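Full structure from sequences and hints, please.
Using the numbering used here, the first residue of the sequence shown is number 1, and each one after it goes up by one.
Worth flagging that the hints you see were computed from the coordinates, not collected in a lab.
Take these hints with a grain of salt, some might be off.
[Claimed, not checked] Each pair of labels, with its calculated beta carbon distance range:
id, residue 1, residue 2, range
1, 215, 181, 43 to 51 Å
2, 389, 180, 48 to 56 Å
3, 312, 23, 15 to 23 Å
4, 181, 384, 49 to 57 Å
Because the structure is a prediction, the values reported are computed rather than measured.
Yeah, the Cβ is synthetic: ideal placement off N, Cα and C, and Gly gets one too.
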Amino acid sequence: MQNILLVTVDSLRADHVGYHGYDRDTTPYIDELSARGSRFLNAFAHVGGTRFSFPSILTGVTPMMHGGHERILDSQTVVSEVFHEHGYRTGGFHSNLYVSGAFGYDRGWDRFYDSAPDQSNTARARRWAKTNLDETPIFPLLRRVYNFIESSRGVNVGSYHVPADEITDRAIEFVTEHPDEPTFLWVHYMDVHHPFLPPEEYQLKFRDEPVDDSDSIQLRRKFIENPEAVTEEEYRTFIDLYDAEIAFNDREIERLVETVTDLWDDDPVVALTADHGDHFLEHGYFGGARLLDVKTHVPLFVTGWEEAGEHEELVGLADLPSTLLDEVGLPIPSTYQGHRLQQLVGDAEWPREDVIGGWIDDDGTETVGVRERDWKLIQRSDGSDELYQLTGDSEERENVIEDHPDHVRRLSHKLDRHRVRVEQTRKEGVGRPEVGEDVKQRLRRLGYDE
Numbered sequence: 001m002q003n004i005l006l007v008t009v010d011s012l013r014a015d016h017v018g019y020h021g022y023d024r025d026t027t028p029y030i031d032e033l034s035a036r037g038s039r040f041l042n043a044f045a046h047v048g049g050t051r052f053s054f055p056s057i058l059t060g061v062t063p064m065m066h067g068g069h070e071r072i073l074d075s076q077t078v079v080s081e082v083f084h085e086h087g088y089r090t091g092g093f094h095s096n097l098y099v100s101g102a103f104g105y106d107r108g109w110d111r112f113y114d115s116a117p118d119q120s121n122t123a124r125a126r127r128w129a130k131t132n133l134d135e136t137p138i139f140p141l142l143r144r145v146y147n148f149i150e151s152s153r154g155v156n157v158g159s160y161h162v163p164a165d166e167i168t169d170r171a172i173e174f175v176t177e178h179p180d181e182p183t184f185l186w187v188h189y190m191d192v193h194h195p196f197l198p199p200e201e202y203q204l205k206f207r208d209e210p211v212d213d214s215d216s217i218q219l220r221r222k223f224i225e226n227p228e229a230v231t232e233e234e235y236r237t238f239i240d241l242y243d244a245e246i247a248f249n250d251r252e253i254e255r256l257v258e259t260v261t262d263l264w265d266d267d268p269v270v271a272l273t274a275d276h277g278d279h280f281l282e283h284g285y286f287g288g289a290r291l292l293d294v295k296t297h298v299p300l301f302v303t304g305w306e307e308a309g310e311h312e313e314l315v316g317l318a319d320l321p322s323t324l325l326d327e328v329g330l331p332i333p334s335t336y337q338g339h340r341l342q343q344l345v346g347d348a349e350w351p352r353e354d355v356i357g358g359w360i361d362d363d364g365t366e367t368v369g370v371r372e373r374d375w376k377l378i379q380r381s382d383g384s385d386e387l388y389q390l391t392g393d394s395e396e397r398e399n400v401i402e403d404h405p406d407h408v409r410r411l412s413h414k415l416d417r418h419r420v421r422v423e424q425t426r427k428e429g430v431g432r433p434e435v436g437e438d439v440k441q442r443l444r445r446l447g448y449d450e
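In structure tokens:
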């Protein structure tokens with residue numbers, strides 16, 4: 001049985017990857033590795049965000065299905081479960097708590113590392129304060145003090161994620177224990193997600209002087225809280241740090257792939273993608289933009305096939321788990337909504353015409369979107385809809401919803417059909433996960449809403 005390695009990188013925009021045309025040398029190894037396989041140049045997350053994308057990457061569905069992205073995985077089958085049931089040794093290593101055991105992603109793994117709760121002294125102090133002072137006026141004051149310290153002084157109050165080199169070490173150790181057993185290995189790197197704290201040697205690839213961590217954390221706060229005041233020099237610094245994190249991850253991905261390939265003594269199937277991109281003030285704010293291309297367009301390639309090449313057709317991240325299972329002849333669960341990318345590689349008819357996804361906010365506002373090659377429609381239950389003609393407006397600057405009623409109707413029908421499919425998967429009684437204050441604090445520090 002052939003070994004499978006799935007690598008995902010948090011927040012990696014396609015347009016900052018070398019083989020997508022980026023003019024900086026951020027991804028030399030990714031570029032070289034992807035050239036051995038099939039590159040899917042128009043791959044998109046169904047919604048740009050970790051908690052929306054991993055239901056697609058690991059369970060083959062779009063975010064609103066089976067009760068929605070905020071629910072505990074229930075009737076979905078995690079791809080690791082299929083590999084495990086058919087004799088594969090399975091290991092998953094990451095530190096994004098939206099993909100933790102609390103959300104049901106720990107099923108089907110022989111070893112699953114999602115990073116322990118923050119055990120720093122400051123984190124323990126916050127836990128005590130949350131438990132003992134939450135109902136008093138003191139706790140909101142302490143939270144404001146924490147935010148002020150990070151904003152004004154750039155102090156990192158507690159950890160954000162486990163760095164790439166430690167994640168790589170853990171994954172290699174897992175493979176080293178039983179290199180002769182067929183293995184499905186998933187590794188997710190968090191470093192490209194802000195705050196950007198890259199090692200100095202990678203910063204110096206893109207700038208003359210390194211930025212210390214406190215300045216980087218403080219700059220990140222400014223992007224979040226006061227984006228209109230960001231100067232051109234600060235913007236360039238921020239991009240330098242982002243690119244340095246990508247370069248750091250590229251080197252760790254090289255170490256991971258080359259080491260486990262030697263340990264396995266064969267050429268594994270290697271798939272690499274990102275859960276989403278990122279939004280750097282293109283529309284006047286940082287983050288957000290969950291259905292715009294800066295947040296949804298991601299790199300995706302698969303090696304280990306006899307044929308190599310580039311494919312321009314639209315691909316959704318929900319296509320990935322079906323592809324991995326099919327490549328080693330394993331059954332694809334009936335709940336999976338994606339298509340097998342082997343159809344593209346083999347020049348068969350490709351059924352995907354669009355990428356659809358959506359979510360419901362805590363206030364009940366539903367947002368759904370459909371992206372075709374030339375058109376994108378975003379609908380919200382509050383009526384603030386958007387239509388973009390992508391052929392002439394690739395940066396999605398001009399909302400032309402009043403000018404093209406025929407396209408609005410056509411794309412609205414697609415979204416209505418998607419809503420029907422979503423409703424058909426809904427189950428009562430599948431609740432939100434119970435997560436502690438440790439988890440909530442770490443998600444806040446990464447800029448996530450709870």
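Going through the hints against the structure:
no.: 1; hint: 215 / 181: 43 to 51 Å; result: holds, 46 Å
no.: 2; hint: 389 / 180: 48 to 56 Å; result: holds, 54 Å
no.: 3; hint: 312 / 23: 15 to 23 Å; result: holds, 21 Å
no.: 4; hint: 181 / 384: 49 to 57 Å; result: holds, 52 Å
The structure shown violates none of the earlier numbered hints.
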